[in-house]
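A.B. asks: Given only the sequences and the hints, what does the whole structure look like? Please build it.
Keeping their order, the protein sequence lines are chains Z and F. Residue numbering for the first sequence follows the numbering used here, beginning at 1366 and increasing consecutively. Residue numbering for the second sequence follows the numbering used here, beginning at 1366 and increasing consecutively.
Each pair may be met inside one copy or between any two copies, as identical chains are not told apart.
Within a straight-line C-alpha distance of at most 25 Å, the following computed BS3-like cross-link-like pairs (lysine-lysine) qualify:
(1) K1372 to K1561
(2) K1713 to K1561
(3) K1370 to K1574
(4) K1380 to K1937
(5) K1380 to K1574
(6) K1738 to K1893
None of these hints come from the bench; they were simulated from the model.
Single-letter residue listing:
2 protein chains.
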Amino acid sequence: MTQQKEKRIDVALGKAPGDLAIVNARLVNVYTGEILDNQSVVTCGERIACVGTDVGYAIGDATTIIDAEGATLIPGLIDGHAHVAWLFTAGEFLKYAALGGTTTIVTETLEAYPVAGLAGVLDFLASLRDQPIKFFATAPAMVSTSQATMGIDLSDLESLLACEEIVGLGESYWQGVLQNREVFKPIFAATLACGKKLEGHSAGARGGKLQAYAAYGVSSCHEPIKADEVLDRVRLGIYVMIREGSIRRDLAEIAAIKEMVPDTRRLILTTDGISPRDLMEKGYMEFLVQKAIDCGFDPVTAVQMATLNVAEHFGLDDRIGGIAPGKFADMVLIPDPQTIRAMRVISKGRVIAKDGSLEAASRRHRFSPESLKTVHLPRRFEPSDFAVRASGDGDTATVRVIEMVTDLVTKEAIIDLPVANGEIQTGDAGDLSKIAAIDRSRTPGKFFTGLIRGFGLARGAMACSAAWDTSCIVVVGADEADMALCVNRIGELQGGAVVCDGGRIVEELALPIFGLMSELPIDELNEKLNAIQRAVADLGVAFPDPLLSLIALTGAAIPFVRICEEGLVHFKTGRTRGVICEQ
Amino acid sequence: MTQQKEKRIDVALGKAPGDLAIVNARLVNVYTGEILDNQSVVTCGERIACVGTDVGYAIGDATTIIDAEGATLIPGLIDGHAHVAWLFTAGEFLKYAALGGTTTIVTETLEAYPVAGLAGVLDFLASLRDQPIKFFATAPAMVSTSQATMGIDLSDLESLLACEEIVGLGESYWQGVLQNREVFKPIFAATLACGKKLEGHSAGARGGKLQAYAAYGVSSCHEPIKADEVLDRVRLGIYVMIREGSIRRDLAEIAAIKEMVPDTRRLILTTDGISPRDLMEKGYMEFLVQKAIDCGFDPVTAVQMATLNVAEHFGLDDRIGGIAPGKFADMVLIPDPQTIRAMRVISKGRVIAKDGSLEAASRRHRFSPESLKTVHLPRRFEPSDFAVRASGDGDTATVRVIEMVTDLVTKEAIIDLPVANGEIQTGDAGDLSKIAAIDRSRTPGKFFTGLIRGFGLARGAMACSAAWDTSCIVVVGADEADMALCVNRIGELQGGAVVCDGGRIVEELALPIFGLMSELPIDELNEKLNAIQRAVADLGVAFPDPLLSLIALTGAAIPFVRICEEGLVHFKTGRTRGVICEQ
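C.D. replies: As structure tokens, then:
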């Protein structure tokens, strides 16, 4: 490392030739906000040695020269809040993500931790290393619907904070933090003590609650959906990550912020995770920067929002985020500052993509056997497991039902249902299904069955082992036998998404890594996901992404009623309750 | 600490009353660049709990309320590059520095290290703690004229980097770094490895040398004297500290930068040290911010340059640099955004100054006995010690002479001088004096005597124990007996500045702490310095600050010929030579 650096100094001094030179470029200087003509950049190894109009002295016979012919050079793009531990492996993901100029990704690890613990997260981190682009990660905070999962173990956190690629604590949903102050007090303190960041998630927080959340030292939020929410946060010194990804697309709505603040240094663009379909159809961070420009952001500002601003937020601007001596040679050549289309992508000093083709091989990580065996079900499930028993001996019962308000948001409905043989009857109640969360790791086999209205399932069942914020399999079904079939099949697959109908499996996707990630190439994965979507649509579900709607039901950050293996969880109070409303 | 934080959260949530509330203020929001009306800030302990238009809920009966009556609140000012270990103690310094709104000072420690080692620096750091304002410091890099002093000891560096208030490695003059790459390689690596900053000093560097310096990872420079030098550096991602202090005043010249860069986030204002006179007459950081505004900087930009930008550079923006929940309650109430005159200064949640009067007691640190005994001279000096011996037996000799070009810059002059009794004769050569550097610590008593032209001394001598970048006493004299008297007196005083004439001491200032710092109140110290200046002027010296001119002669960062106990040091090569030019 030091030797590399000394060589870089020699190149900068003109005592040795650089490895790669991009000459005759326009350059977006994110530090000054200028667009500069006639610029050259000379690299040495993975880093930049010198930049400017007059660095020809560092070019020798051994230097590979790329003539930019007046095209524009911007720093490699950074996604500051990604969810890489979901559906695809990093190696497959970057095959698409890198094409458009993304050279650094900061990812959450909260998916792997509840199901595979510290060893799983370390294995996941190992899968991110030695790839053509750089990954950083955040340690999982673990705000969960499940009390068994709530809060990362402190010694696990210390181990993760000691890892160089861990730049902070991952998103900690504000309600959970304020509802569990004793749990998160030492977690936040340990993170801040080593100078790392607290990533926020303050969806809907306002007034004193937002103030309190900021007062904890939380320094980012990717949840604003309106410009005035951005303003509220950035005024409190919080870096706001404007989200434009597969969960939500908020950039167009939020773009008004550009007229509201003279200083945009604390605005960032992020995907908050992207689906295979969007990745293939739209692209990755280059799509966001282009959209920001199309929404009226100044091109330099738009580039800063995906480069320097992110780097500064994470304290990584000593190495990424700009084109300057000593920084990683991460650069994207685009036609002009308004057109974010990667002609060449340079990462760590190498051309890794050219005109939409990857020129560098991603590394396929060999996950440990433990990471591939995370579905721990002590027995096969039976249809009768999904019965909901009434408490008394009346022939009706008053029950709590999860009611879908949108494809993600729910509310609580209290309804009366008939009881027969001691069991709640859902048959004639209109779009009422069973929903169950089954712990596959923390308390293996522990499960809870509830009722859900408005999911749209006319028959069959679907299940997935990638239930948010928990270590659960989540299954929804109009038919208990199909529910059991789904769950048992996920056990056989050691993770996956399964759709059953009429006693047979109609679609399935294996997710063998942590029960979360496929090993398929992204195009095949996309096909599989499309097939699942069609199959679920056939069963009556009209949501745009039924799998997402399903796995989000255990998520701790979405209002208002969620489910986990412990019961129905009320978002506003964090309290867990059963189906039956006791008198 | 955690308990304090939990209480702060309670205040932010409205569950407990705040300690102090400033209500009805305009507020300069450095994060967004806005000026906002009708703002209130509520504190809890040392920190801010909540800020905004609607935080009245956090005010209770127990809350002290300050009605700003529409006056403007800005964050406490920060000096990012100070020299506190020179002349005055921190406790005395802040009595003036805090009056105008400076609440954080980042100081060098390079003065104390060569004369008192690690223990001395730690004692100095202890003197900075528990004061009404905050101090941070940088570890000394020790680019020196003296090879014996060159480069901080690595284990000392490790000890300092482990201190929370050490935010980086202090200024490392670029020439010395490039001339001594092997020395500074591990020093830089150790600093960067723990995520701390490399403070730069790139005076006059350009082209490949500036690129190389940036490629080392150096992230600031306070030496530009023209706007285009600022531009060269900030384009390379270097934070530029625009200097306006007692060494130089560059702000007016540099102000043109504001039209040159759209983004000013990497511009900072600093004093680089301030004299008692300037401190008393002009003030401290508030003077710089006001001058920036008067030079045409936008008021918000000017405030950012002394608050958020500095905090971001040092990675301290999690706690200082802006008015937001969780940050230290460091604020200044000024009449309006254009008028940087402190009506009230709030530091760590307390009103410490009001209308120019200090309301908080500074702490007087009891320095260790070792810090008070740093002048180690093995014997008394005699006039004959300052003879310069010729090498041959001719009656003239060709000699190297330090020639003063300005009051700080020198050049080498080669002249012939008569020799008598084997000694170089200076009597008739016109404004030629003896100059000597005597090591008082590292190699006690080792000394070197040279010749200097243009200092202006017609008779007598002056000496000081605070010679820059070395552990030397530096003495200049037209008379060897007066030189010896000065040096011996400094030994008796255990540090000081002494002026002698005709065999008697005409002025002296004791600098007992490290031989660098006085314990006098600043007004008395100023009087004393004025008296010394008058005394030296009487001896013929016309420089604006002859003491500064003297002690800078051992400094490693000023062109072109310097002196240390090892000989004459050539700035451009770093090589040390004697007075006599060998044939």
